[in-house]
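Build the full structure now, drawing on both the sequences and the hints.
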Amino acid sequence: MALIILLILTRSPFPTRSAERGRNFVELRCGTRPLPNNVTQSVIYFTANMETISNKVQSNRFGISSTGSGTDKKYGLAQCYDYLSQVECDLCFSELRTVSPLCFPSIGSRVYLDGCFLRVDDYVFYKEALGPTDHAICGNTTRYGPAFLASVGKAVAAAVSKAEVNGGYGEGRESSSAYAMASCLRTLDAGGCRECLSNASASARWCLPWSEGRVDNTGCFLREPIPPAVDVESANDAPEDHRRATPDADQSTVHG
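Residues -18 to -1, 1 to 238 (mature numbering (1 follows the signal peptide of the UniProt record, and there is no 0)) make up the sequence shown, in order.
Check each hint, because a few of them may be wrong.
[To be verified] Computed beta-carbon distance windows for the label pairs:
#1 S51 - T80: 44 to 52 Å
#2 A132 - D72: 34 to 42 Å
#3 S88 - A129: 45 to 53 Å
#4 R155 - N37: 30 to 38 Å
#5 R187 - N20: 40 to 48 Å
#6 L84 - R125: 29 to 37 Å
[To be verified] For lysine-lysine, the following DSS-like pairs were computed, each having C-alpha atoms within a straight-line distance of at most 25 Å:
#7 K109 - K55
#8 K144 - K109
#9 K38 - K109
#10 K38 - K55
Keep in mind that the hints were calculated from the coordinates and are not lab data. Idealized CB from N, CA, C, for every residue including glycine.
Laid out in structure tokens, this is it:
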């Protein structure tokens, strides 16, 4: 699966304040192709898609939808990561649907928050694992020594391994100090998920020895945050349940 490392935040995506968990803005990517002449109809289709997806997300933390016909047809997908509760997921999706319209009048948008994801486009993209805009975003505030970095590597490996056998989602924790989360889109099959997460793991290594990394690919997501409870000074002592769902264009990127 493809992962993109996004904006590195200074706090864990597993914060203690439940109402805010997962709602940190990470990235907005807009398509470069303009909408057809009938912008009004496109807005109507977008709104209808969001309503349908919203109803599905409220019951399953995941939803896909398509509206319109011919060249005006639009497809949408939204998914919350499993560590969010249903209430947290609903709040996260509410944020997604307010950001996505900022891409108008372009075709296609992808919104990444720390706990959820939304994509809208004019073709069926549900099975895509990797894409040309997949990338990593790394933290640049703290560098850790080899001992702690080894723990981070083990946490990432554990999260990816669990995701590959757990329907596309896994978390890893090592020595109560390093966390990692890996998640595939539910529309990917096992092979696509494995491909995406393998790519994400390799991309995440570029962030070391910095304290945080995010890889948000086309079809999967990887986080390797440092939780607030970690004692940075001691870390520097050393020297340097998912279910599968059934059912691009060039993009510009805006980071938050």
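Tested hints:
1. S51 - T80: 44 to 52 Å: The hinted range 44 to 52 Å is violated for S51 and T80, with Cβ atoms some 27 Å apart.
2. A132 - D72: 34 to 42 Å: Because 38 Å falls inside the window, the suggested range holds.
3. S88 - A129: 45 to 53 Å: The hint (45 to 53 Å, Cβ to Cβ) holds, given that S88 and A129 are roughly 46 Å apart.
4. R155 - N37: 30 to 38 Å: Hint holds: Cβ distance 34 Å, inside 30 to 38 Å.
5. R187 - N20: 40 to 48 Å: Hint holds: Cβ distance 46 Å, inside 40 to 48 Å.
6. L84 - R125: 29 to 37 Å: Holds, at about 34 Å.
7. K109 - K55: 18 Å, holds
8. K144 - K109: 21 Å, holds
9. K38 - K109: 19 Å, holds
10. K38 - K55: Status holds; Cα separation ~20 Å.
Checked against the numbered hints above, the structure breaks only hint 1 and satisfies the rest.
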